[in-house]
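**Q** Residue numbers (the numbering used here), protein chains in the order written: chain H, 1 to 302; chain U, 1 to 302; chain B, 1 to 302; chain P, 1 to 302.
The set of hints was computed from the structure by calculation and includes no laboratory data.
Just so you know, these numbers come straight off a predicted model, no measurement behind them.
We treat Cβ as the ideally placed atom computed from N, Cα and C, and that holds for glycine.
A hint or two may mislead.
[Unchecked claim] List time: in silico BS3-like cross-link candidates among lysine-lysine, alpha-carbon distance up to 25 Å:
| hint | chain 1 | residue 1 | chain 2 | residue 2 |
| --- | --- | --- | --- | --- |
| 1 | H | Lys218 | U | Lys202 |
| 2 | H | Lys202 | B | Lys273 |
| 3 | P | Lys275 | B | Lys202 |
| 4 | H | Lys289 | U | Lys152 |
| 5 | P | Lys273 | B | Lys218 |
| 6 | H | Lys273 | U | Lys156 |
| 7 | P | Lys275 | B | Lys295 |
| 8 | U | Lys273 | U | Lys218 |
| 9 | U | Lys202 | U | Lys295 |
| 10 | B | Lys289 | P | Lys202 |
| 11 | B | Lys273 | P | Lys275 |
| 12 | U | Lys275 | H | Lys218 |
[As the list claims (entries may be wrong)] According to the in silico footprint, chain U covers these stretches of chain H (three or more CB under 8 Å from chain U):
| hint | segment |
| --- | --- |
| 13 | 144–153 |
| 14 | 247–256 |
Protein chains: 4
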Amino acid sequence: MGVKSFDFTTAEAAAIDSVSFDDPSYTLGSRQFQPEDTIIGLPHSIIGGDHFTMMAGPCSVESEEHVKRMAKVAKEGGATILRGGAFKPRTSPYSFQGLGEDGLRFLREAADENDMDMITEVMDDTHVQMVADYTDIFQIGARNMQNFSLLKEVGKTDVAVGLKRGMSATIDDLLNAAEYIASEGNQNIFLIERGIRTFDNKYTRNTFDLGAIPVLRKLTHYPIIADPSHAVGEWDLVTPMANAAVAAGAQGEIVEIHDDPEHALSDGPQALKPKTYLEMCREVYAIRKVMDSFKEVSHVNS
Amino acid sequence: MGVKSFDFTTAEAAAIDSVSFDDPSYTLGSRQFQPEDTIIGLPHSIIGGDHFTMMAGPCSVESEEHVKRMAKVAKEGGATILRGGAFKPRTSPYSFQGLGEDGLRFLREAADENDMDMITEVMDDTHVQMVADYTDIFQIGARNMQNFSLLKEVGKTDVAVGLKRGMSATIDDLLNAAEYIASEGNQNIFLIERGIRTFDNKYTRNTFDLGAIPVLRKLTHYPIIADPSHAVGEWDLVTPMANAAVAAGAQGEIVEIHDDPEHALSDGPQALKPKTYLEMCREVYAIRKVMDSFKEVSHVNS
Amino acid sequence: MGVKSFDFTTAEAAAIDSVSFDDPSYTLGSRQFQPEDTIIGLPHSIIGGDHFTMMAGPCSVESEEHVKRMAKVAKEGGATILRGGAFKPRTSPYSFQGLGEDGLRFLREAADENDMDMITEVMDDTHVQMVADYTDIFQIGARNMQNFSLLKEVGKTDVAVGLKRGMSATIDDLLNAAEYIASEGNQNIFLIERGIRTFDNKYTRNTFDLGAIPVLRKLTHYPIIADPSHAVGEWDLVTPMANAAVAAGAQGEIVEIHDDPEHALSDGPQALKPKTYLEMCREVYAIRKVMDSFKEVSHVNS
Amino acid sequence: MGVKSFDFTTAEAAAIDSVSFDDPSYTLGSRQFQPEDTIIGLPHSIIGGDHFTMMAGPCSVESEEHVKRMAKVAKEGGATILRGGAFKPRTSPYSFQGLGEDGLRFLREAADENDMDMITEVMDDTHVQMVADYTDIFQIGARNMQNFSLLKEVGKTDVAVGLKRGMSATIDDLLNAAEYIASEGNQNIFLIERGIRTFDNKYTRNTFDLGAIPVLRKLTHYPIIADPSHAVGEWDLVTPMANAAVAAGAQGEIVEIHDDPEHALSDGPQALKPKTYLEMCREVYAIRKVMDSFKEVSHVNS
């Protein structure tokens, strides 16, 4: 415990200065420091670079039987990563808090049975080792984006980390939060845009900041994933926003599915039912295919 | 002058109530009131429904020669509507305010020479008749979205109106502003999403609220057009955002182009140079084509 | 019409540069340009400097009888300026739009009978001369803060102008808007902080940005007035916010009163009933008196 | 670990429903549940009710000698609680992170020598017991407002907790976060308004939401404390905002002081030097005294 000091090489110090002239200083995550894309390899998936990765599953793991049923649907749509919450960060302490370690086991089994990888949220630094025993990817939720103890703790592992942008986090804040993970040694990081808080939340839960996607792709080598479900909070807006995200350059999507959203234990209104999810996947891949046919992004206006 | 009263039919009153239970009450613009899309026919363009309309041109009309050169570029990219400002709403009174009526004449000639329609901003209700002598479409800028005198004045004409969302306007505010135009008799209206003000403007001038596009398409029958140029304010983000907008369901785009952005009299940093613009158009149309192949949007989650 | 050019002295140009290095350039309003406070003298009131000015009245002029009754209450609380809207900027075109010129006459008579000055909103540049025949002060509403035609038109008169900050206007935007008025020759300007739009509007209509008061007093010589009524939108929060505003250094307040808020034609929930208003005045003056006993604001941290 | 269930009495359930009809459900903190103010008694201070409590100290504990010198200044201004950070939540991992446990010991000694209580931030649930060995009050910082593991951990102690509002937390979010603490058994809670993130941060670091103070005092029985230092981020705005906060009904203030802000290890620009701080205290107490002379807040508009 105590003061931490860093010795930067001249190149690193230049990278810090070039990215931002004020306080932010995300050296390890900067394109100036590492021009080529970070690629994260998992048993069944590759995240980053020219790869496009679909992640899907229920908001919460609700039961062994349910998560296994949802895993099959996720897989059918082309997802290679199964999502599901076992520890849920709920605004109120009286809302459903998740199944805990049982939920992790159910999710692991559901992933394994379908040859999928698994992503699940870790909320507590004392849980990191236990969650690591089950998962392929830690998810750090929006509310914990600046829980620095937790960031450092996952940074000490070599498990991949999906870091969600906080509700009022600037792009610099997000990159600095990633730097907390990277500076502990773990650079298997991807960033998730999931909507920010603005003055208008009557029709959408948050405002999906799609402009952040090309900005982040320019600033950092980490993969950028879009979460249209939390961004809008309404199922019928998820497909248009998933389409928009891939067109904006997202390298993957993470979406919530449920076969009975009315009775979901959390976030039912934004869950896609199976047929809607499968149609969304078809659309997203079709746009992705057309994106692949475009020329490289040019950095010269001509 | 004085109190205005309205007699609503039962159907209209029901539409008001169904759209929103509190104050907003945009009857004429509501899908409940008119389920089918508004289609605006102009000499060289159709806006709305399944049509996709490209609008392009310089931010300001800078000279007769320049706007004519830009019109050719716009046309080459497939734009059928030429944009250009003759009266500029500038934050500071000491910034370039536009060429005035000369600018309108130059823009009209440039449009005519290329068989294009013309859109230009009107900022003052006393200018409405004069501007109408030149233009096919009035643009109402973000700063004037709640300039109710101006809205009413363009509402008394039969010239088409492109109404931009204000920087901090909610979706309901925008629909109510459109209602000021419509309630005077003019329903040749389309709405333009151009970014909103949020806490993060370091890398993008505004936050492009793409979620508003499917929301508006659900709530209203007016065409929804995207303005990626003002939304992000940086040329190299315009193409990804133009792509995202068409994927989100926008029925057209309005973008700024300039062949010498460094010396543009306004908004140079966001202007696309000709080659960049032509590539953007190719990408946007390719995504649009793939969008056309998708099924109708379903209103049932299944 | 057309390009406007300015010849600045070296001192003026330096003032522009010193205030802000980017676009804002509100020379005439800057403390660098005029260090001493602007003082606006009216028949019955002085605004600015060490003076504290209370303005009160109904949101809308509802009838001759009603506004005269409210004027007496306003006066009893120490207000020297009577407020009331004859032309109302309403979000929906179907809401009450005001009594028009009749309202102006009623308000003038009510002010005269009580030896008060009058402030009322002007929304349309074609109304400026007509409204000037009645009022001592033009109010420019938040929605018209960047209606540049209107700003220039009131700038051509010598009638005092109370300019409200727009809902999403930065402090620089507000000062630039004032510059539109001043650059036409009218420097009888005061600025009104009335709350901005943020993500939380469940309990308050807007977020009262009281920090803007000392910031503005530092940047500009124009008087700074607080409008707690619109800032919070709930009567029982008006007194605490009026108290906070005077403690923050506001040089006056403008509040809405009504003797039957449940039946007010606009903004009833925020109107103070007479007894509540009189108690608010007592509190505000008591805090103001204690403020007068404090030392000059020091510009050195010691 | 696992699902948590609650048995509410009818009265509690009614309180939940009455406060808010949607998701928020902060029963224990609600005035409906406990009408009388929470009063927190500490060895040298009382927080809540009609008491007014000053807390002051350096942003970070920088050295034993420095914090002791600052404690004397704090005490001289009337503060009974000494603040200082030993573990600092910094946006970047390369910024000064605090002295750790050494800092806690220095702060404890400085408080004891001056008969003061101590408040310091805890950022990590594994540190809770260790920090509790030194401090009288845990501070939960804005970035950790929804670090639910940490909230529960401090909720299991009987140490007082000062909970800061998150940068984009709604009032309901803040009350729900407090409920996480209370539901574990610890109701020695006070809430700190410290500014929210909005679109304008050129002149102030955040927007001080003073309207939240009377709103919170109405909704909850917990004491409400204002933090003008972080709200504005500039020393010369701290006194006007401290004055505004007490006028708005804050039951105390927490401010940052430093005798050499230019060389402070964190947040120098907002630190008050000793003379400025002492003058601020004089002003705040004078306004507080005048506030005491006002009538009870009335809940009837008359």
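**Q** Now look at each hint and say whether the structure bears it out.
**A** Consistency of the hints with the structure:
{"no.": "1", "hint": "H:Lys218 - U:Lys202", "verdict": "holds, 14 Å"}
{"no.": "2", "hint": "H:Lys202 - B:Lys273", "verdict": "violated, 32 Å"}
{"no.": "3", "hint": "P:Lys275 - B:Lys202", "verdict": "violated, 40 Å"}
{"no.": "4", "hint": "H:Lys289 - U:Lys152", "verdict": "violated, 46 Å"}
{"no.": "5", "hint": "P:Lys273 - B:Lys218", "verdict": "holds, 20 Å"}
{"no.": "6", "hint": "H:Lys273 - U:Lys156", "verdict": "violated, 47 Å"}
{"no.": "7", "hint": "P:Lys275 - B:Lys295", "verdict": "holds, 13 Å"}
{"no.": "8", "hint": "U:Lys273 - U:Lys218", "verdict": "violated, 35 Å"}
{"no.": "9", "hint": "U:Lys202 - U:Lys295", "verdict": "violated, 38 Å"}
{"no.": "10", "hint": "B:Lys289 - P:Lys202", "verdict": "violated, 31 Å"}
{"no.": "11", "hint": "B:Lys273 - P:Lys275", "verdict": "violated, 43 Å"}
{"no.": "12", "hint": "U:Lys275 - H:Lys218", "verdict": "holds, 21 Å"}
{"no.": "13", "hint": "144–153", "verdict": "violated (count 0)"}
{"no.": "14", "hint": "247–256", "verdict": "holds (count 3)"}
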